[in-house]
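Residue numbers (the working numbering), protein chains in the order written: chain A, 6 to 353; chain B, 6 to 353.
No lab work stands behind these hints: they were computed from the structure.
We put the beta carbon where it would ideally sit given N, CA and C, even for glycine.
Mixed in with the good hints there might be a few duds.
As the list claims (entries may be wrong) - Chain B stretches covered by chain A per the calculated footprint, using a threshold of three residues with CB under 8 Å from any CB of chain A: (1) 227–238; (2) 280–286.
Stated by the list, open to error - Each computed DSS-like pair below joins lysine-lysine, with the alpha-carbon atoms no more than 25 Å apart: (3) B/Lys187 with B/Lys199; (4) B/Lys199 with A/Lys89; (5) A/Lys280 with B/Lys280; (6) A/Lys287 with B/Lys287; (7) B/Lys212 with B/Lys187; (8) B/Lys212 with A/Lys273; (9) A/Lys40 with A/Lys60.
Number of protein chains: 2
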Amino acid sequence: MLEQKSSCIAIDAMGSDKGPAEMVAATKMAVDSVKNLRPIILVGNEAELKPLLEKEGLSSHPDISIFHASEVITMDDKPLVALKKKKDASMLRAIELVKNGDASCVLSCGNTGSLMAAGTIKLRTLDGVDRPALATVMPRKRGHFVLIDAGANPSAKAEHLVHNAVLGSDYCRHVLGINKPKVGLMTIGTEEGKGTDLINQAHSLLKKIDGQIEYAGLIEGFQTFEEGVDVVVCDGFTGNILLKASESLFMLLKNFVSEEIQANMVRKMGYLLSKGAFDAIKNQLNPDNYGGAPLLGLKGNVLKAHGSSNKQAVMNAIRIANEIVSNDLTRHILEDIEAANNIIYDAD
Amino acid sequence: MLEQKSSCIAIDAMGSDKGPAEMVAATKMAVDSVKNLRPIILVGNEAELKPLLEKEGLSSHPDISIFHASEVITMDDKPLVALKKKKDASMLRAIELVKNGDASCVLSCGNTGSLMAAGTIKLRTLDGVDRPALATVMPRKRGHFVLIDAGANPSAKAEHLVHNAVLGSDYCRHVLGINKPKVGLMTIGTEEGKGTDLINQAHSLLKKIDGQIEYAGLIEGFQTFEEGVDVVVCDGFTGNILLKASESLFMLLKNFVSEEIQANMVRKMGYLLSKGAFDAIKNQLNPDNYGGAPLLGLKGNVLKAHGSSNKQAVMNAIRIANEIVSNDLTRHILEDIEAANNIIYDAD
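Excised from the complex, chain A in its bound form (with noise of 0.2 Å):
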């Protein structure tokens, strides 16, 4: 019983800016398309969650639960007053599910910052890791690949670096399917010796566990969307501000056409005749095909889904973090970590 239980996915049903209905709706898709669904307990107000489970039919469904927690984190509180005011809220007793051993991966679309913390506070992170780091799946022309650390560790040291690489490259492998990852590390100016002393300690470190992973050197931020490697790392503070970046850009072109496209009946009848090619680029670079973004190097598995995902989207998540518990990521992330650590730290 509690061998079946630890392999349970905690839902935070309350974070989520589309509130629990959409959260309640998601399960019941990922209920009937995801394959080998782990049990699923979702965490909120039984009140409310009842009668959303009830209209879904989900009501006796026999692996799917729910935990009360009478409070919510907003995307409003701060991380830290959340942790210490609120300690019914849904995400942190969805991260306690995962600490106790009733779980094995929580899901939230909560407020990130407080995921982040209390994953960390309360989780701690796995044996040989000093900080966690969050990847995020980005798309490109054809395929996805993975960024991190996309904001967790801001002031990274080189042997962070090299644990993002492990990392990153275990989520590829054990929840992505893409066998043999390869990994580059983000810098300005690709000439060895250029760039700052932390790339280049890590540089040197990366080369030496080369083997483990496929490292393929160090990558310039022209080649981020390119298809040269499935893994791109680097500190919390550039990658969350490459990813921001990213998105403003993005934001910045997708209103930019729409604009453009309202401005006058000739150009309105053009778009609806080269729709089918929008349609195509949105449907490729939409993030909620890519499930979510985990926080990663933590006893526990945590996966952090947009605040405004759609159940589609949830439900895209889901099946992630069935993956990660169905393959056991954090194993094989602990084993993998040792064996970077016995070469970087030997090395030296």
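Given chain A, put chain B in place with the hints provided.
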């Protein structure tokens, strides 16, 4: 005579991907369209340049002259090696003209690394400035903004970021004609105390010089292409990656659109009808309109234009170089850096 010469623009006529013909054609365009254009010295192989000047009808123009240089630094040259081995390179001779007071600004489309290294080594930094910073003008939906530093100083200290803020403000005010440019410091999470030690220190210092510059505070990556600030300050590592990754994403989307549009006849027709919309967007976002990236903080002005700049883009860069020289950018920077240093170094 010296007075007049010292306000010349020295153009590296050989370093561009498109060759000297494009540079001379751009010079002709500038002669025809830039008001109060300063004298121009074209630096490069005289035997190549003379017939090009003749072709453009500039041979006997009183304000256009040639300074012979026998070598060319190519894009494949390693920056520091080129400096040592190609003493008579057009880029280096052009910088020397500025150093010797025969010109006031050098414009080059050549190897960025060489230009930054040679500019810094030969011209040296202005009093009060430790490190030069590369500023780049980036488009958004309406208008544009300055990103500084785009890659000159990857390991910045807090006072360097403050200097970047002053340099970027002065460039906006005295070259781009933005009267009271608002300055934002790029970070992750805008709550006080988040981000890195570097950012927190720089933020404190910038608050002290608010009033001298218009300091708008911390900004995050998602605000990059919004319209909140005119100057985005970051270290050269982050700035270079932000710039290059944005270019990478833009290319991805551009290629994606053109590929999908070609996929069938209906889409092609639709595109033709809505082409006005895409032309308007391309026109607003075209980097050729923004006239190059200045390396700021040196005893002399250095302006870098893209290696593949066409004559229109080079002409815009000449226009900007003319503004830099006419408005005596270096003098303003010297004064404003001194004023900022008086505050930030006293304050501790």
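Cross-check of the supplied hints:
1. 227–238: This one holds; 5 residues, not fewer than the three required, reach chain A with a Cβ under 8 Å.
2. 280–286: The restraint on the stretch 280–286 of chain B holds, since 6 of its residues have a Cβ under 8 Å from chain A and three suffice.
3. B/Lys187 with B/Lys199: The given pair, whose Cα atoms are some 22 Å apart, holds under the 25 Å limit.
4. B/Lys199 with A/Lys89: Holds, because 18 Å separates the two Cα atoms, which is no more than 25 Å.
5. A/Lys280 with B/Lys280: This hinted pair holds, its Cα atoms lying about 13 Å apart.
6. A/Lys287 with B/Lys287: 19 Å, holds
7. B/Lys212 with B/Lys187: Since the Cα atoms of B/Lys212 and B/Lys187 sit roughly 13 Å apart, the hinted pair holds (cutoff 25 Å).
8. B/Lys212 with A/Lys273: Not satisfied, since the Cα-Cα distance of roughly 48 Å exceeds 25 Å.
9. A/Lys40 with A/Lys60: Given that 25 Å is the threshold and the Cα spacing comes to 23 Å, the pair holds.
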